[in-house]
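Chain order of the listed sequences is A and B.
Residue numbers for the first sequence follow my numbering, so the first one is 1 and each next one is one higher.
Residue numbers for the second sequence follow my numbering, so the first one is 1 and each next one is one higher.
Keep in mind that the hints were calculated from the coordinates and are not lab data.
Hints are not guaranteed to be accurate.
[Claimed, not checked] Distance ranges between label pairs, derived from CB positions:
| id | chain 1 | residue 1 | chain 2 | residue 2 | range |
| --- | --- | --- | --- | --- | --- |
| 1 | B | Gln75 | A | Phe112 | 52 to 60 Å |
| 2 | A | His61 | B | Lys175 | 25 to 33 Å |
| 3 | B | Arg54 | A | Arg51 | 20 to 28 Å |
[What the hints assert, rightly or not] Simulated crosslink set (DSBU-like; lysine-lysine; CA at most 30 Å straight-line):
| id | chain 1 | residue 1 | chain 2 | residue 2 |
| --- | --- | --- | --- | --- |
| 4 | A | Lys58 | B | Lys191 |
| 5 | A | Lys58 | B | Lys175 |
| 6 | B | Lys175 | B | Lys148 |
| 7 | B | Lys73 | B | Lys37 |
| 8 | B | Lys66 | B | Lys148 |
| 9 | A | Lys58 | B | Lys178 |
| 10 | B | Lys148 | B | Lys178 |
| 11 | A | Lys58 | B | Lys37 |
| 12 | A | Lys58 | B | Lys193 |
| 13 | B | Lys175 | B | Lys193 |
| 14 | B | Lys175 | B | Lys73 |
| 15 | B | Lys148 | B | Lys191 |
| 16 | A | Lys58 | B | Lys148 |
| 17 | B | Lys191 | B | Lys175 |
| 18 | B | Lys73 | B | Lys193 |
| 19 | B | Lys178 | B | Lys193 |
| 20 | B | Lys148 | B | Lys193 |
| 21 | B | Lys191 | B | Lys178 |
We put the CB at the ideal spot given by N, CA and C, even for glycine.
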Amino acid sequence: MSETQKVERHFDDEMLWQWHDGELNEREMTAAQNHLNRCASCRQRVEAMERLFSVMQKRHHSVQPTLAEQIQLRRALEQQFVPEEMPSVLVNASRRLVRWLAPAVAVLGILFVLLRDEAAPAAETLVSLLPETPESNLLLVTTDDELEQAMWEMASSRDETQE
Amino acid sequence: MRTTEPTGGDLRGRLAETELIEGCRAGDPEALDELVKRYHPAVLRVCVSLLGSRDVEDLVQDIFIKVLRRFDKFQGRSLIFTWLYEITVNHCRDELRRRQRRRWFSLQNLPTETVEQIAADEASASERLEIDELHGHLHQALNQLESKYRELIVLRDLEELSYEKIAEICRIDEKLVKSRLYQARQALAGKMKKYAEAFHE
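Given the sequences, and given the hints that come with them, work out the whole structure.
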């Protein structure tokens, strides 16, 4: 009895909103519906709220992506998969390789230059250790004249040994 | 105006969703097409209404890229659309905070005439969107609401999601959705009363 009286009293705004949202339980829904059928003032309040939000909804749903925006978004998403084609492990490994390979090449280059300068006298030392024969003189020549001289010496010494 | 759940709640939608998720993880062009076709409008709408400006395309793009990157972590416990709304709402929250900070800094450094000029420019920029006066007032009223209220109005009254879904998206209790939504609507109605009277004259 007291419950029917409560229903007959006007619904508060919060209840009306929940009815509007369809978030009341079944019993409350029926009670609210019955009340609204009879009560013009509550009905007016609901209608006023619904008008307000229908205007907002219309505007809200009129916002649509343009074709250009759709294409741009689609392209941006596709680009997310481009670097994925090369496994990131490999990408990182090759980056690491380049990072220490560059200084390593530089160091090797410097070593090569230094060793080459030192290698030249080393070769001379080796030659100087050889017994002085006409053949060994061939290794020490630096000019064409010396080469000719050395070859003559070699040829004449061979003639001597043959005789 | 009854609660209408967006598509995706039924079993068929769910099955199609698993395919969509798999496809998007693999970068399948068809799946990406479908993702954009299905969810671009909703994400754009929500961003525009939450931020109060149409210039949100970069933001929308960031949201979708975030979604793609997180697909691996997506458990499928919720539906894609709930998850997407959650990411969108959070992203807009961050963006609003960023804009507030930026505005605060720029206001500190500018002479007062320029500040007024900026305010006027902003008003005219937001008005460009409006179809008529009432739309403009509603838009302004919504923009003036605290963002936690605006989120609920957008999700419930504009996107028509259920309290349950909103609770999931905003990560708050369903009861809090109910009470906060009530406060949000009262606040909006309060702001609109002034405009509504002017409108009816």
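Checklist entry - Can you give the numbers of the hints that this structure goes against, from lowest to highest? => result Of the numbered hints given earlier, the structure breaks just one, which is hint 18.
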